[in-house]
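**Student:** Just so you know, the protein sequences line up as chains A and B, in that order.
Quick note on this note's numbering: the first sequence kicks off at 1 and runs consecutively.
Quick note on this note's numbering: the second sequence kicks off at 497 and runs consecutively.
Simulated from the structure, these hints should not be mistaken for lab results.
Beta carbons: idealized from backbone N, C-alpha and C, even for Gly.
Keep in mind that a hint or two might mislead.
To be verified - Partial selection, computed: residues in chain A whose CB lies under 10 angstroms from chain B: (1) A32; (2) L33; (3) R39; (4) A446.
Said to hold, decoys possible - Reference excerpt, derived from the structure (chain A facing chain B, CB under 10 angstroms, subset only): (5) W24; (6) R26; (7) W27; (8) R28; (9) P81; (10) D171; (11) L316; (12) W319.
What the hints assert, rightly or not - Just a sample of chain B residues kept apart from chain A, beta carbon distances all over 10 angstroms, derived: (13) L508; (14) R519; (15) L532; (16) L547; (17) M552; (18) R566; (19) G570; (20) G613; (21) R621; (22) L669; (23) E685; (24) F704; (25) G723; (26) R734; (27) V742.
So the chains spell out like this:
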Amino acid sequence: MRRTAAILAALGVLAAGCGDPTLWARWRIERALYHAQARERRVLARGSLARDADFAPLERRFAAIAAAYPASRWAAAPSGPARDVALAAARAAYEQASIAARRGGDDRAEALWAKLEVEDAALPGIVIASRLARARALDRLGRYDEALAERAALAAMDPTGDPDRVGPSADVLEAPLVLASELRARGRDAAADSALRGADAHLSAALARGRGADVLPLAEGVSRVRAARGDAAGALAALRVALPGAADWEVPERAQGLAARALEAGAPESVVAYSRWAASQSDTRRVAGQAWLVAAQAWERLGQPDSALADYDAILSRWTDPGALGPVARFRRADLLDRLGEWERARAEYLALQAAYPTHPLAFTSAQRIVRHHVEVNEPELARLAAQAAILNIDHLLATNRDRAVQRDGGLARAQLLLTLGRPREAEDALVQLWRSFPQDSAAQAGALQAAALATARAGGVVRADSIRAGLRRNASSATVRLAAGAAGAAGRHTH
Amino acid sequence: MSFWEQVALGALCFGRAIREGRRLAVWITWLPMLALQALALLALVGAAHPLASWLMAPLLTRVSGDDALRYPQGFHRLPLLAAQSWFLAGALLGPLCVGAAARAYADAAAGRRARAGAALGEALRRWPSLWLAALPTALVAFGVQAGLGQLADVRLSGPTRALLPFLGGAVQLLGQAACAYPPIVVALERRGPFPALARLPATLGRGFVPAAVVLLVLVPTVLPFDGLAPWALADAGRDLPEISAVLAAARALVQAAGALVASGALAYVYLAALAPGSEDA
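Could you build all of it, start to finish, from the sequences and the hints given here?
**Tutor:** Structural data, given as structure tokens:
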């Protein structure tokens, strides 16, 4: 008995330590990364109260994790715990760069991301995230051409080439569209067309290779690229590829997707056909409601407003609560009635929208539309009264609703109404104030550009305009806004 | 004995078992079970360490998937894995500890000096008999858990599904109360497993209700841990997943203490109402 126990104990001692050390390495790095990220969440939760002194130790912590598990040792593993270690180390390095960027060290962050792209080339998920983040950092640094090159490199990646994720990468599928949009914003239409052409070929090849659940997102990606190229037939053809493999329950949604793409691609007859098909197969807001919405827009393009109004009515009457479709259908219906010259009915729709969805962005637009109508038909007194009433409503809303989106949308609408009332100085102040509250928001940045233009136009406002534009050039997240601020600043200096 | 007298007997024996529980010797009788569970918890928490992974990695991968060896998923799965290891440890060592505790409690009740070493030694010699005598209890627990597992895939209404664990718990408690005495008989009367099991029907008349009372009183002791488990996994676990290991260890400790007291209380019920020659037998 004792001898057996002794043998068993000896075997246990011999076996102890024979375990896989990579399992322990993975456990340790995942633990370190998890707690560093938990700390990061706590710091970020403090919002504007978080100081640089809170971020500095975090950056060092992520750097230490990444350094302890170098890519040269781990990144080559094709699968298993060693690859998990490589992924965690690369994630730590990515977070280190993100914190560096947050602390204002875009140049340091950009270099770290560039290093990650090279050292962790075997981890496509990390490379994709790094390219995206690096492009944004390069934009902030004013190195626009390098940022475009980074976006082009991202667009050229294989969307299905990441073995660590299920399904194609949405960022890679989106990249050609973003790249083309950035190029067009800089007036480089030929380069944008070329990028889209290349993406079409590249993604079509991926679609041809795609299997199972990968097919639908790939088909949608190809379709969006072709729609952006103005190739309506090609966009629809790409989506049709995904239909045969769809389960019965998926078909209505895919038909609705086809209708939406046909609308983007400018094929209204196809929109109507696909929408009718989708709406006949499903009764949900997500499918039938969306199908009616795109069908109504197609009818508008086909010059058949009665059919369009009937489809908008169908959305509003079919469900007690049409959900997110409600304000859109009501607004588009009002807009159509306005264009048809039926102002009283249009006004009633605009007012109903404001009453039913007071915080929806379209409710703010509706208020502006009513004022604009009175201005257009030369009813200045009515315009003034409508604008005053709308500003009072918005002021009440801003004082009682702290939702950030409501504060931003309401603030922007208020500034535009002040302009309509002929109070540009107040509008300028409101737009600048909004930008200070939402410095990273593209709508607020566009508002700041407008404020700079207003300041330039008034006597003694050039200094303030220059200051706003300098701030935008330094901090705006959108490259388009930075470039516009730079161009307007140069033009202003030239004029003065 | 009327129903209420049986309820009172169960409560009295439970109270006495708690009072006698102040003796260190009776606690020692459940140390093997606690030690095994502590070892299991340690192995689960450190499953990825080279000292343990040669054994734990293939085992956990098979039982719970590769995620059980990762951080923090391993801690998320710990409550379930700890419950399973408690179940296994209980099936293996539970009868031994029940037998030893019953002997130690009986000695204490008779005014003799309770000697844990002797009680454990005797239980160890009778381990196979104790294990066989406790088999119905283990089978009831296994049957209920397996049944609940099977029902997980059956289409049920929401309220029914919500009530199932309570229903399963009630069935398990009543089943275990019905099969509670054979290991006590083996330990106290030094009988073989089959004569002890043969006495099972005779113990139901006077022993079932007191046993159910004893086991029922213990139910609330683990409820706080079950209530805290979702909090440990979701809220506190977000920043400190290790808290689920602390909870699992505390639960094991409370469970062991409860099982110890239950062993003593059942021994007292047996001696008072079921043993040959007892006042009520």
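**Student:** Next step is simple, just say for each hint if it's right about the structure.
**Tutor:** To see whether the hints hold, each was checked on the structure:
1. A32: holds, 9 angstroms
2. L33: At 9 angstroms from the nearest chain B Cβ, A:L33 passes the 10 angstroms test, so the hint holds.
3. R39: Interface hint status for A:R39: holds (9 angstroms vs cutoff 10 angstroms).
4. A446: Status violated, d = 37 angstroms.
5. W24: holds, 5 angstroms
6. R26: holds, 7 angstroms
7. W27: holds, 4 angstroms
8. R28: holds, 8 angstroms
9. P81: holds, 8 angstroms
10. D171: violated, 25 angstroms
11. L316: At 33 angstroms from the nearest chain B Cβ, A:L316 fails the 10 angstroms test, so the hint is violated.
12. W319: violated, 25 angstroms
13. L508: Non-interface label on B:L508 holds, nearest chain A Cβ at 42 angstroms vs cutoff 10 angstroms.
14. R519: holds, 30 angstroms
15. L532: Holds, since 15 angstroms exceeds 10 angstroms.
16. L547: violated, 5 angstroms
17. M552: violated, 8 angstroms
18. R566: Non-interface label on B:R566 violated, nearest chain A Cβ at 6 angstroms vs cutoff 10 angstroms.
19. G570: Answer for B:G570: violated, closest chain A Cβ roughly 8 angstroms.
20. G613: holds, 18 angstroms
21. R621: holds, 13 angstroms
22. L669: Check passes; 37 angstroms lies beyond 10 angstroms.
23. E685: holds, 27 angstroms
24. F704: holds, 40 angstroms
25. G723: holds, 24 angstroms
26. R734: violated, 7 angstroms
27. V742: Since the minimum Cβ distance to chain A is about 16 angstroms, B:V742 lies beyond 10 angstroms and the statement holds.
Hints 4, 10, 11, 12, 16, 17, 18, 19 and 26 from the list above are not met by this structure, while the remaining hints are.
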